[in-house]
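Colleague: Here is what each chain is made of, one letter per residue.
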Amino acid sequence: MKRYNHILILIAAVAGVQVLTAVLGKQFYLTQLTMTAYYCIAIVGLTLLMGFAGQISLGHAGFFAIGGYTSAVLTTLDLSQFKDSSIVSLLAKLFIVTSRQDLYGGQVLSFNPWAAFIIAIGLTLVIAYIIGIPVLKLKGHYLAMATLGFGTIIYSIVLGTQRFGAADGISSVPAFTLLPGLAVSGNTEFRVRNYYLAWTLVIGVMVLLINLINSRVGRALRAIHGAEDAAGAMGVDTARFKLNTFILSAALASMAGVFLTHYNGGIGPSEASIMKSVRYVAIVSVGGMGSLWGTLIMSTTLTFLSLRGYFGTFDDAVFGAILIVIMLFSPQGILQFDVKALLKKLLRKKE
Amino acid sequence: MALLEVNNLSKRFGGLQAVKDVSFSVERGMIKAVIGPNGAGKTTLFNLLSGFAEPDTGEVRFRDAWIHGRGPHQIAASGISRTFQHIRLFSHMTALENVTVGRHVRSRAGFVAGMLSLPWTHREEREIREKSLNAMEFLGIAHLAHDEATSLSYGQQRAVELSRALAAEPEMLLLDEPAAGLNMRETADLANLIVRIRDRGITVLIVEHDMSLVMKISDEVVVLSYGEKIADEKPLAVQKDPQVISVYLGEDEC
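Chains as they are written, first to last, in the numbering used here: chain E, 1 to 351; chain A, 1 to 254.
For the record, the hints were derived by calculation from the structure and aren't laboratory data. It is possible that part of the hints are untrue.
To give an idea of the chain A side of the interface with chain E (calculated C-beta under 8 Å), a few residues [as the list claims (entries may be wrong)]: (1) H104; (2) A168; (3) A237.
Which stretches of chain E does chain A cover? Using the computed rule of at least three CB atoms under 8 Å from a CB of chain A, they are [claimed, not checked]: (4) 28 to 41; (5) 225 to 235.
The following residues of chain E were derived to be distant from chain A, with all beta-carbon distances above 12 Å [what the hints assert, rightly or not]: (6) V23; (7) T76; (8) Y104; (9) S171; (10) A175; (11) S185; (12) R191; (13) L197; (14) L248; (15) G266; (16) I274.
Virtual Cβ for every residue (Gly too), placed ideally from N, Cα, C.
Take these sequences, add in the hints, and give me the full structure.
Modeller: Here it is in structure tokens:
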């Protein structure tokens, strides 16, 4: 099982970092590392689409937001006044709608986070399918433009809708209790547990995606990337494979959105912004388009630094600069960066 | 019943009638060639048969199904494999990986099975690898299996492309100008190879510009000129056909 060697290293690193923060008394780092994990899920999903299927999406923050907002809206919606209506009482009987206490001690009747999660993913699948069919017929710049358009629409919708909290977003999103004793929440009491939960999800996603790229499907995707017409001539249903990959990566972004929203206890329109989508694309490029591990490493590093505020007010500028530098000097990603070749090039120019 | 039957196929691009009312059939186990001077409509005909273009009118039957208007992947799945005039290999993949893509139609692991790495997919992968290596051995390029495909020489790339098409175990093989860019000796080797492929029970349809290759090995030859079929006979008869001679050597009127 050579393909899982890196997974073992990742598990060791996750545990090692937690122990290190405990020893150094810097447990507050775990909060940003947990958030980082969720962004990583969205970003490795995008790597599958960009690096393996060879399709770009400049609208992935849109899918992240669809997940986060759907979950936030449904779990904060108060249906108490409709509790006698037949639909709501039926949903309550099915535990899709449950009663809980809000922050101020009042009773709220709203969607169970599990139900909201499933609805959020379902909605994402439907939207990705509807958007994907026409859009994936496009190539290169045109595909980038069309997905950018999709991202812009989602951003405008969340920013302009009162129900979605407009510019303020949605807050007081409840914890998502996955299992008894294991809830996705920002409560510091559960910080360590949430850290492990988030990274367990990352590891799970990595295992699934590594399996996928080493399978018949992964080979078909690389074939599409290499020569689309020849892949079709060899029997690969190129449209369907691209669409499925698009939907899968959208679902991963959406899942990340759901979890991060419960962890943060809210979501704001900046999660849907174009800058977020550009940032995801930048990180995938830095990680080396075709490398899940490269992307995971770079996404962990850059997202963590960004969340800790190391880039200050230049946060977005840093990612813009990264895109330019990577495209100029190392389109294969930073880990493939050939220092010798660059030095040689520079020296030759001097002569 | 013929393996492949083409009825009144036509395709127009703007003002150009690329293929006009072409009909012919290919019997199981034969080598059939479509020839004609440049611009005769050979490539368009080839694309119509392999699903890369849709005919305006006319029908194509393969085995017992009508395949005109189907996409390339559906036609591939029905048992027709093709090569390209300009070699189309998958970049950033080894020669063996390129050939294994040819097994796509003969295997079935999808997204869910792939992500879960189900045990049967490993058995399938082993079979894919084995059959792909067999196809490469048949063409004598098994030793190149782990080289990056696009770094190989022209002739070797052609062989990889052909192994990829054969790995699909097609019932019919479509070859698009396979002799393009080959010298005389290589062309002779190719002729032997095509005969060996036919002897494995694969029906071959060659679209070719170069007469010397097809006259030796074909059982029947279709000649196109300006999109129309002007002959469909045995090679010897074609060589004597005055209409064919005038098309190839120019008319003798002025």
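Colleague: Each hint needs a verdict: does it hold in this structure or not?
Modeller: The hints, checked one at a time:
The beta carbon of H104(A) comes within 5 Å of a beta carbon in chain E, closer than 8 Å, and the hint placing it at the interface holds. Look at A168(A): its Cβ gets to within about 7 Å of chain E, closer than 8 Å, so that hint holds up. At a threshold of 8 Å, the smallest CB-CB gap from A237(A) to chain E is about 33 Å, leaving the interface hint violated. Against chain A, the segment 28 to 41 of chain E contributes 0 residues with a C-beta closer than 8 Å to a partner C-beta. That does not satisfy the three-residue criterion, and the hint is violated.
With 10 residues bearing a CB less than 8 Å from a CB of chain A, the segment 225 to 235 of chain E meets the requirement of three and the coverage assertion stands. At roughly 37 Å from the closest C-beta of chain A, the C-beta of V23(E) stays outside 12 Å, upholding its exclusion from the interface. Chain A leaves T76(E) outside its interface by the beta-carbon criterion, the shortest separation being 33 Å against a cut-off of 12 Å. Against chain A, the non-interface label of Y104(E) holds: every CB pair exceeds 12 Å, the least being about 43 Å.
Under the 12 Å C-beta cut-off, the non-interface status given to S171(E) relative to chain A holds; the minimum distance is some 35 Å. The beta carbon of A175(E) is kept farther than 12 Å from every beta carbon of chain A, the shortest such distance being approximately 29 Å. No Cβ of chain A comes within 12 Å of the Cβ of S185(E); the nearest lies about 29 Å off, and the non-interface call holds. Every beta carbon of chain A lies more than 12 Å from that of R191(E), the smallest distance being close to 30 Å; the non-interface claim holds.
Even its closest Cβ contact with chain A, about 21 Å, leaves L197(E) beyond 12 Å, as expected for a residue assigned away from the interface. Against chain A, the non-interface label of L248(E) is violated: not every CB pair exceeds 12 Å, the least being about 7 Å. No beta-carbon of chain A comes within 12 Å of the beta-carbon of G266(E); the shortest separation is about 31 Å. With a closest Cβ-Cβ approach of about 29 Å to chain A, I274(E) is found to remain outside the 12 Å limit, as its non-interface label requires.
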